[in-house]
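K.L.:
Take each chain as given, in its own frame, and dock them per the hints.
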Amino acid sequence: MNARASTKVFVTLFIAMHLIVILPGFFSTQGYAEQSRDVPFAPPTRLHFVLADGQFSLRPFVYGWDRAALDTGTYEIDRSQIYPLRFFTTGSPYTVVKGWVATTHLLGAEKPGRLFLFGTDDFGRDEFSRMLYGGRISILAGWIGAAIALFTGGIVGLISGYSGRWVDSVTMRLVELFMALPWLYLLFAVRAILPLRIETTDTFILLIAVVGIIGWARPARLVRSMVLSAKERNFVLASRAMGASHFHILRKHILPQVSGLLLTMAAYLIPQFILAEVTLSFLGLGIGEPVPSWGTLLAELQKYNVLVNYWWMYAPGVALVALFLIYHWASTTIQQKVEVPIA
Amino acid sequence: MRQLAWRLGQSILLLVGVSLCSFVLLSAAPGNFFDELKLNPQISSATVSALQAQYGANRPLPERYARWVASIVRGDWGYSLSYHSPVGGLVWQRARNTLLLTTFAVLLAWMVALPWGIAEALHKGGWIDRTGEVILALLLAMPDVLLALLLLLLAARTGWFPTGGMSSTDAAELSAAAKAWDLARHLFLPATALALTTMPILARHVRSAMVGVLDAPFLTAARGHGIPKFRLLSRYALPVALNSLISLFGFSVGSLLSISLLVEIILSWPGLGPLVVEAVLARDIYVVVAATMFSAACLIVGNLLADVLLYCTDPRIRPVHS
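The listed protein sequences derive, respectively, from chains A and B. In terms of the numbering used here, the first sequence opens at residue 1 and continues consecutively. In terms of the numbering used here, the second sequence opens at residue 1 and continues consecutively.
Watch out, some of these pointers could steer you wrong.
[Stated by the list, open to error] Just some of the chain B residues that point at chain A, by a computed CB distance under 10 Å: (1) CYS21; (2) THR163; (3) MET166; (4) SER295.
[To be verified] List time: in silico BS3-like cross-link candidates among lysine-lysine, alpha-carbon distance up to 30 Å: (5) A:LYS98 / A:LYS111; (6) A:LYS231 / A:LYS252; (7) A:LYS8 / B:LYS124; (8) B:LYS124 / A:LYS337.
Honestly, the hints are just simulated from the structure, not real lab data. All of these numbers come straight from a predicted model, not from anything done at the bench. Just so you know, even glycine gets a beta-carbon here, dropped at the ideal spot from N, CA and C.
Bound-form chain B, shown alone (with noise of 0.2 Å):
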């Protein structure tokens, strides 16, 4: 419990280091908000300098950084100039998205990446094993983008999904069931395409645990009991193997944040993709602030994730209770 909580002091400071970071940086940039708001003919530059000083954003930086944080403290994420809402409402309303989306491909491409580093290892140099490793080649070469646009055309062609968005046009009017067999329609194509670029590097890593662990004595000694090979596998090797997988899925669920991003804006699906992308383009530092933290905070809340399920899993890891 005490290394659980002195991890959690480390994230929290991992995100005020972000949070910091990510300010600095982007206050760093050329040009803001009132730059482009100047260019606009039909705004006085009275009007410019007057919402100036109404956001605060001629103060130095060190101290907008500390009425940014002391708002974050009181629950406010800000402002957002673009959007003319508040940002946290803003962002959580596209994260949501985003969360279901990632979950989702999280749980496709174990699925699909379990069975078949399995069925690598077990026929470790046979075709299935080789053909296995060429097609997971193939993948890992794919860059995101392409795969997400070939998925793209896959459903212009066949008609067989829609090709963006969250729900169709008259999802208000369906039954709850429908309603959700539409959500999983338009969910399939970015999960799909999220899944298929993480899932190769799953595989691999699936692969060389179970490769370690089916060549360990105690296997062979169970193996010579005459355990059936479900059993064999399910009860004496997977636990083994899961130690290293369990921390790779803490990595899995960050680096998925990363490639919805772009899935997202090809695929047009309403997350953050397209908001932090908007967001760059108008200078709405606010915005990509708080998307840029809540995607850290993902990647941590994965990572400790891992580590409590490691804590739970593997007693070696446990501290010795006197």
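This is chain A alone, in the form it adopts within the complex (with noise of 0.2 Å):
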């Protein structure tokens, strides 16, 4: 595969993984929260294409379990009954945007079918659906973290890198003692500004906020060092000596030179902030049931029989890799298209 068609790929991936999880409610089968009592740890329900009497079906359809083997706790499909699949079926309420509630999905068995694409958890509840909602809090975590994380340190070193003298020794010293913590510890240290359980979407964007401003350290010293050299370049000089304010020069001849290795940042940390959301819910100290993250439904994978038996649990963990991988390619490619060293 040659250069430009991987990087087509890979943009497509990238675009599509976060459309998919601004959008969880369309493209989920059905919400979060929604259990199905009967079918604790079902496996993932299989599309057939093939109907009983050997002819092919381009429509693909599923069938349901047989009612008798369910009440002994094992799942046999009953072969009676098909289910075709229907694309925009109408399922289960969820809220787009506050205030706009929509029934559409974009894939749903006829009823009354039951679809599980990557099986059921042990309330029953659809577990492809939890993952794309729990995908749309680890991202948000991400982005909104390292947002907050490259603004205050992005400040910090502008202003820092600028002024020079004491601002930036005493910034600078700031900044090693923030480095000199290990970034684990750290969290836990400033996690337990917040208490113990959070109930809602909106306080955990609040912890996420509070988790974000740990991460300032490491953009304000990169930021810092790119400044000293940029505000000794000529036009900046040039500049100066015809008049302009420091805030002119900062906006207009320093924050251009440094906006390269931001977005740099940007593509380095989002992955470090999910990791750290994720983190945080899988150790119970992050976001409470109901409510998905791919770190509380990985935590599903402590309980012993969850590990060994259920491999369909480990659908976050695969997404994870996978939205890891295209990040670590769009921050080495950035890198190389702005050629800014990082470390």
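P.N.:
Shown next as structure tokens:
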């Protein structure tokens, strides 16, 4: 595969993954808290194409489970009734943005057939839908965390590098202090500011905002080192000689020089903050049930029987690896384009 | 030497800063250990306030910090309220296990990363380099949580390794050699998880450092003199590449401490990780502060060690003796 084609593939995947988690309601097959208590840990529903009489059906269909077998706790398909899949089906309502409730889902099985693409968890909740909703929380956490870290770090770095003298040395000592703390311990310390149990998504965003603040040190140091050389460039000095204000110089001459660095940092930091959220939720310090995040979904695997028996519960982990691969690719590509050192 | 003393002084200042930072952050948290006690209907409010007075928990923050520092100087790390034991012994007992684990993991990671990076650098652009890079990218994208879970699955499915803890239940009756073997078996999984998470970063740095050196004119000259390949690598190329790798060594020690926290929890290694999380949940502030101090100290010591090593290996860094 040549470079151009792989760029296309990666960009498409990047956009697709983010589109899916922006609109989890539409792409999911049901709500994240909907329970089907009669089918705990049901394996992923298989899509069939060949009818009972051997005829090929272009429209995939699913079977239901055998009632009698379900009562004994085993999953055997009942071939007496088929449920064809339909696009743009009407299903359980979800909120697109505040106040706009929709009921159209991309994919669904004809009622009363049930479609669990990635199986179900111990409450019979659809793992696929929970993974999409969980992705929304985790990726949002990554973006918000990275944005806050870049914003605070960028401003501190700009001011510290531009003003120099004692401001610079004080902030750099502070940066060293924050870099001397192992990040997970720092995360715990900052996490301790907020109450232990986090009920809603709103407080969760607050949590992520606080978490984002701990990441300011590294961007601040990188931005500062770039500003140090950027402010000595001839056109900056000329602008200063012509009496431009500091704010004007920072905004018009210095900021464009560090914007490439900021972009690279963003691609590097977003996965880090996704990981921070996953870690917190995994340890039970993040968002509470029943709202899913990739961390809480992975936390299910801490139970021995889930870890060993139900392979479909690993789906969020696979999604994480895929997402991180895409971000790693993005950060190296941007880095090559803008040619900034990152360490 | 003077440089070293200067660095040492700086490190101590840094540690003071770390302690102040974590102390303030944890004190700013809503709710403390006594609030949890108040919820317990079996404990009267008078008892709680008496306890609060006894531990000085109702004093203002600066005073508490000053008292804490004073007790540290005396070698007393405070008292854990939820474990009912002195923090120093509690943390040190766990920290020993964490240190054992991270030391093994660092060794393991470097033992894999060095040959890996060198092999890639030697075959730059070849199929070894490319497949190696793909594997590294995959490992790099693998979150440590998932990696630890997969290793746990391996242990549970195959039964080759114990799934947690540090020693078997019958360890007390074993001979010394059997004990060591038992410990090694328990150590293997967490150490592998840790090593695999840092190895890709190390291997990439080794590769880029070696690529830089291998293209240098002096190495072409040495090759021209007909020096055998192994000697060329070990005596000529590696010492030059070592500089950037030593600073990386300091970094690898520090980052491992953070990752080990998670791995320890998932693979139930009785280190600092489980202790810290329980302490955060119980609002047992002195335990958290002591553990944070310990890990920050390890990070600083790792970097200091790297500096000293650099000083020993690179004559350019040493000041000229007059």
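K.L.:
Does each hint fit the structure? Answer for all of them.
P.N.:
Consistency of the hints with the structure:
no., hint, verdict
1, CYS21, "holds, 7 Å"
2, THR163, "holds, 8 Å"
3, MET166, "violated, 19 Å"
4, SER295, "holds, 5 Å"
5, A:LYS98 / A:LYS111, "holds, 28 Å"
6, A:LYS231 / A:LYS252, "holds, 12 Å"
7, A:LYS8 / B:LYS124, "holds, 26 Å"
8, B:LYS124 / A:LYS337, "holds, 22 Å"
Violated hints amount to a single one, hint 3; each of the other numbered hints is respected by the structure.
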